[in-house]
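Chains V and Z supply the protein sequences, listed in that same order.
When we follow the numbering used here, the leftmost residue of the first sequence carries the number 1, and every step to the right adds one.
When we follow the numbering used here, the leftmost residue of the second sequence carries the number 1001, and every step to the right adds one.
No wet-lab data here; the hints were simulated from the structure.
Computed from a predicted structure; not experimentally measured.
Fair warning: there could be bad hints in the mix.
From the derived model, a few chain Z residues whose C-beta atoms are all more than 10 Å from chain V [to be verified]: (1) A1012; (2) V1015; (3) P1032; (4) G1038; (5) L1039; (6) Q1048; (7) V1051; (8) Q1065; (9) V1066; (10) Q1069; (11) S1073.
The calculated DSS-like cross-link candidates involving lysine-lysine, where the alpha carbons are at most 25 Å apart (straight line), are [said to hold, decoys possible]: (12) K67(V) to K1060(Z); (13) K235(V) to K166(V); (14) K67(V) to K1056(Z); (15) K1055(Z) to K166(V); (16) K67(V) to K1055(Z).
Cβ coordinates follow ideal geometry from the N, Cα and C atoms, glycine included.
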Amino acid sequence: MQVSLVTGGNGGLGLAVGWALLGADPKNRVWLGVRSNRESAERLCVESEGRCRCVELEVTERESWAKAVALIESVDGRVDVLVNNAGAAEDGLLATMPVESWDRVLAVNLDGVFHGCQAVLPGMIARRFGRIVNMASLSALLAPPGQANYAAAKAGVVGLTHALAKEVARLGITVNAVCPGYVETEALAHLTPERRQAALMTVPMRRFGRPEEVAAVVRFLAGVEAGYVTGAELKVDGGIL
Amino acid sequence: MNETDLRNEIRAMLVETLMLPVTAEEIGDDRPLFGPEGLGLDSVDALQLVVALDKKYGVKITDQQVAQQVLRSVSTMAAAVTARPPT
Chain V
1 MQVSLVTGGN GGLGLAVGWA LLGADPKNRV WLGVRSNRES AERLCVESEG
51 RCRCVELEVT ERESWAKAVA LIESVDGRVD VLVNNAGAAE DGLLATMPVE
101 SWDRVLAVNL DGVFHGCQAV LPGMIARRFG RIVNMASLSA LLAPPGQANY
151 AAAKAGVVGL THALAKEVAR LGITVNAVCP GYVETEALAH LTPERRQAAL
201 MTVPMRRFGR PEEVAAVVRF LAGVEAGYVT GAELKVDGGI L
Chain Z
1001 MNETDLRNEI RAMLVETLML PVTAEEIGDD RPLFGPEGLG LDSVDALQLV
1051 VALDKKYGVK ITDQQVAQQV LRSVSTMAAA VTARPPT
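Chain Z on its own, in the form it takes in the complex (with noise of 0.2 Å):
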């Protein structure tokens, strides 16, 4: 998959997961998902998203820090994703 459509693919993924009220197209690459300038997603939404990341694309987050890191943007969900190692 590339790397356009695997973005495509995770905004979508955002939506349906956590129900948002936005559109998928509405959700930029960078666009910050958590803090003042997000999506105002709590820490509930981020429990969601990394149980989704692990189920869709085999991501596993099991450290505070690094699920910060990996769920800041659609695009490091994106990188999260492209460099998990193959199984």
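Bound-form chain V, shown alone (with noise of 0.2 Å):
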């Protein structure tokens, strides 16, 4: 039985990571961190019969992550994974990105990681057992123009997961990143006709993921089978790169 905390939770691929989790054991609990945007993930927590529920987490405050984290533990005793799934992109060039732009982004996907990680450290160390998973992005490995800062910061979430892997690898605690290309998400529904058709080209699978794609290499790698794979970054973009 694994107890999870999935942050972003109420996005596309927040849920499907849930639902994921909720299907690797029926024993499974999972914990969906959620601001004021929760219908769809409360709407998981109803469909789960009380083995999902939602947890106020602001991924930017330390202060939330104590809250939460001592919220899970009061219930379930622990938290076994942890997801660090939270992003935020606001693209522009960067010769004229607002700072704002810049300081937000890194914000909530490498600060927000950061929190993540030292929240939850603590109680996986005293039971020797962890798991964290961190969703970066194919941008972190090939950045497209336009997103200085969300590349930025999803490097900078790859490494920080080659070194805090290397940290706690003794410790019985894993930690990987996950990079997704192109997903069927809420994301890629802004996209124009021209642009979506034209990001389909560079895809040698010619269509985009789905989120249950991802979901289930983040399933994998919460699992106790993946105990020997660590400091990884394992892609899913249908061979981008």
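Work from the hints to combine the two standalone chains into their complex.
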């Protein structure tokens, strides 16, 4: 039985990861970290017959992390798995990027991962078991123009993953990154038909990924079977890179 | 708990938490835990000890310098446990 915390729990990927982790074992419990938008997350909680719950979590605030982890530990005793999935993008050319766009994207995508790891590690170290899965992005490895902030943050997540994995490896804790390419979520829904077609032509598989295909990789990394996989970055990109 | 029992408990915690290849009795009160004359512990071991001291005794160490002082030996760890504010 595993207790998991998935941040960004109201988005397409977060929900798919929640479903996947619930499905991995009938006793698994999943907590979806959410803020004010939580309608979809709450629907999953209802459908999962009590095995899934929402927890208030603003990933950029350390106090919010402390409260969320304290709540989960008071109800379920521990956090076995942390999926740092919460993300934000504010695209634009670096030369004219508002500093607020830089700060916000770095805060959510990179600082949030740092705060989250710090919040869950004491418990994982004490129990000598943990799984941390960081949702990076193909942009971390192959940065497109217009995403200097997002690519920098996600590349930072990959670097953090490598370093932390080595630090806690002998403590029974694995730390890995998943790098999705184009995945059918709300983010892709905003693309114009022309941009969508252009994006599609860069994918050897000639289709975008589905959230459950990314979630399946997270489920594997979160499981006991992936105990010798650490410091890895797994691309889920249909062959782009 | 008297001082001797506390030190013995801390010795046992060291061996168990860090899976040391020595017995608790072989760890003297003032034997350095780190450094060239120590038990060969590294910073990851220190991290485990910081967590263990918090979980077992409520001793909070948030500062690298304080950690170096507290984790110097069984004696210094026992002193930190004894000195912690009552909850």
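Right, here's what the structure says about each hint:
1. A1012: 16 Å, holds
2. V1015: At roughly 15 Å from the nearest Cβ of chain V, V1015(Z) sits farther out than 10 Å, so the non-interface label holds.
3. P1032: Correct as stated: the minimum Cβ-Cβ distance to chain V is 22 Å, above 10 Å.
4. G1038: At roughly 18 Å from the nearest Cβ of chain V, G1038(Z) sits farther out than 10 Å, so the non-interface label holds.
5. L1039: The claim stands: L1039(Z) keeps its Cβ more than 10 Å from every Cβ of chain V (closest is about 16 Å).
6. Q1048: 6 Å, violated
7. V1051: 5 Å, violated
8. Q1065: 19 Å, holds
9. V1066: At roughly 16 Å from the nearest Cβ of chain V, V1066(Z) sits farther out than 10 Å, so the non-interface label holds.
10. Q1069: The claim stands: Q1069(Z) keeps its Cβ more than 10 Å from every Cβ of chain V (closest is about 20 Å).
11. S1073: About 22 Å separates S1073(Z) from the closest Cβ of chain V, which puts it past 10 Å; holds.
12. K67(V) to K1060(Z): 18 Å, holds
13. K235(V) to K166(V): 20 Å, holds
14. K67(V) to K1056(Z): Satisfied, since the Cα-Cα distance of roughly 21 Å is no more than 25 Å.
15. K1055(Z) to K166(V): 24 Å, holds
16. K67(V) to K1055(Z): Satisfied, since the Cα-Cα distance of roughly 18 Å is no more than 25 Å.
Taken one by one, the earlier hints fail for this structure at numbers 6 and 7, listed in ascending order.
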